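With chain X held as given, fit chain D onto it using these hints.
Listed here are the chains, written in short residue letters.
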Amino acid sequence: MNNPEPENFGAHSRRTFFKSLGTVAATAATAQVRSVAAELEKANAESVIGPGAVPVTLKVNGEKLKLTLEPRVTLLDALRNYSSLTGAKEGCDRATCGACTVLLGDTPVYACQKLAIEAQGYEITTVEGLAKKGNLTKVQQAFLQKDALMCGYCTPGFLMSVTALLRKNPKPTADDVKHACAGNICRCGTHPRILQAALSAAGVATASKTEVVNYV
Amino acid sequence: MKAFQYATAHSTDSARELVAGNGLYLAGGNDLFGLLKEYLVGADLLVNIKSLPGLNKVEHGKTFWTIGSLVTVAEIEDHAEIKKVFPGLHDAAAEIASQQIRNVATVGGNLAQHSRCWYFRHRDTQCLKKHGDLCYARDGENRYHSLFTGNSCISPVVSSLATTFAALDATAIVLRDGQETRMSMAELYHGAWENPLAHNSLDKGDLILRVEIPTTRTRSAYLQVSDKHAFDWALVSCAAAAAVVDGKLKSPRVALGSISPVPHQVEAANSFLDGKVLDDATATQAADLILKDAKPLEHNAYKVPMAHAIIRRTLLKLKGDA
Numbered sequence: 000m001n002n003p004e005p006e007n008f009g010a011h012s013r014r015t016f017f018k019s020l021g022t023v024a025a026t027a028a029t030a031q032v033r034s035v036a037a038e039l040e041k042a043n044a045e046s047v048i049g050p051g052a053v054p055v056t057l058k059v060n061g062e063k064l065k066l067t068l069e070p071r072v073t074l075l076d077a078l079r080n081y082s083s084l085t086g087a088k089e090g091c092d093r094a095t096c097g098a099c100t101v102l103l104g105d106t107p108v109y110a111c112q113k114l115a116i117e118a119q120g121y122e123i124t125t126v127e128g129l130a131k132k133g134n135l136t137k138v139q140q141a142f143l144q145k146d147a148l149m150c151g152y153c154t155p156g157f158l159m160s161v162t163a164l165l166r167k168n169p170k171p172t173a174d175d176v177k178h179a180c181a182g183n184i185c186r187c188g189t190h191p192r193i194l195q196a197a198l199s200a201a202g203v204a205t206a207s208k209t210e211v212v213n214y215v
Numbered sequence: 000m001k002a003f004q005y006a007t008a009h010s011t012d013s014a015r016e017l018v019a020g021n022g023l024y025l026a027g028g029n030d031l032f033g034l035l036k037e038y039l040v041g042a043d044l045l046v047n048i049k050s051l052p053g054l055n056k057v058e059h060g061k062t063f064w065t066i067g068s069l070v071t072v073a074e075i076e077d078h079a080e081i082k083k084v085f086p087g088l089h090d091a092a093a094e095i096a097s098q099q100i101r102n103v104a105t106v107g108g109n110l111a112q113h114s115r116c117w118y119f120r121h122r123d124t125q126c127l128k129k130h131g132d133l134c135y136a137r138d139g140e141n142r143y144h145s146l147f148t149g150n151s152c153i154s155p156v157v158s159s160l161a162t163t164f165a166a167l168d169a170t171a172i173v174l175r176d177g178q179e180t181r182m183s184m185a186e187l188y189h190g191a192w193e194n195p196l197a198h199n200s201l202d203k204g205d206l207i208l209r210v211e212i213p214t215t216r217t218r219s220a221y222l223q224v225s226d227k228h229a230f231d232w233a234l235v236s237c238a239a240a241a242a243v244v245d246g247k248l249k250s251p252r253v254a255l256g257s258i259s260p261v262p263h264q265v266e267a268a269n270s271f272l273d274g275k276v277l278d279d280a281t282a283t284q285a286a287d288l289i290l291k292d293a294k295p296l297e298h299n300a301y302k303v304p305m306a307h308a309i310i311r312r313t314l315l316k317l318k319g320d321a
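Chains as they are written, first to last, in numbering that gives the first Met the number 0: chain X, 0 to 215; chain D, 0 to 321.
One or more hints might be untrue.
What the hints assert, rightly or not - One side only, chain D facing chain X, incomplete, derived with CB under 8 Å:
id	residue
1	Q4
2	H9
3	G33
4	K36
5	N47
6	Q99
7	N102
Worth flagging that the hints you see were computed from the coordinates, not collected in a lab.
Computed from a predicted model, the values in this text were never measured in an experiment.
The beta carbon of each residue, even a glycine, is placed where N, CA and C say it ideally should be.
For reference, chain X alone in the conformation it holds in the complex (with noise of 0.2 Å):
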């Protein structure tokens, strides 16, 4: 079987598009031979840049990112049109439904309301960096064994949200788990599921069947 991944349809398909340009953009970087210090110093400095593309040098997942990105360029457009990153999801664009949830070191923050510019610096971890070598994380696996997902679109947001519960809280109670996921929104639903998954994920014992459902 050799089916084409349907992005690689037509010479000019919407993600190949974004993935050219992200490409050029870091060509473009790289070009301008100049080290990741000197570009965060100008970046930090107290000179006035942009509105024009300035360099950018995001560290995400552990490799190093070298943009040219107008200030205005939001950390969740720099991923997913700028770079090969889509599994940050675009939903409100307004910080309103936890989609695009990345960590900045520990932090889970919404990649939309953040300039890419404000987010040099940071160890920015999405989704796509949770798994190391192809190994799920435990978080991962509860979300599977849970079946806690259906569309699935909310899904790399809800990862990063209960992640950075459990680093902080390896042992969250139920009311923790809804407290640090109450901005992020399931539309299918699936909200009890993904209540049973981080619980499992961290060891705690599984709510009784009626308090999932009586989830609010």
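Frame of chain X, contents of chain D only:
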């Protein structure tokens, strides 16, 4: 968003200079990017102020605590000592928005956020708050709007930190024209009471530096009611703070959010409660005083009994912490 320039300020002086043209301060960005994406405000330059030194600290002396304007809401929520000393502030912070927003939202930004009125937030509506002629909420969809106002705009203040700071009689220290100006919460929002165009009393270029909270009120409580259990604006919020000496309230203060353009405080209720032993009857009388002049509109009359209940509950919670 329209294109803008970008700069990182390393001192308050340079921040003020940079923002002086058509610039805006950028801290957590939660409110700002919402406004920019809907084209409700415009800026040629965003000045990132998160590197300003000294503004991201929580410090305390004997008589007051200082919370820097760049301290995040999550840091307040997670601060073990704040939870002990100002439980009302902890509870208010914990109910703000979502974890992702609390992680970046700053105290200064929470206080300075713009109206959430859906007519104001709609990019195609030229309402009173946007130099239009008419408040569309007044005869329109006003279920989330004010019971009190000093002008024709009825959008309420939604900062729950402001409500809590008001009950704690906190002072905001604002950098204005290079001078530090001290403002009570009443003063910080008085502009919005008088002027339909204003969201608070801050002028362009003003920068909130820190908030000082006196430790005289050893008890505090905060409650809010929302449509959703989490990640929602309050329909009505209430904060109360007081010291308790020999079972009697000393220097009590009650403030309500989401029912007025300012944190709603009634001095008559505060003085009524002073020296009283808290019970159901006194809490009820205080609530009566606080809501006496409420002017409900077509769709927000439910807020009156809701506010009444939540004032009583917050006051009794204050007592319950004994």
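Which numbered hints does this structure break? Structure breaks no hint.
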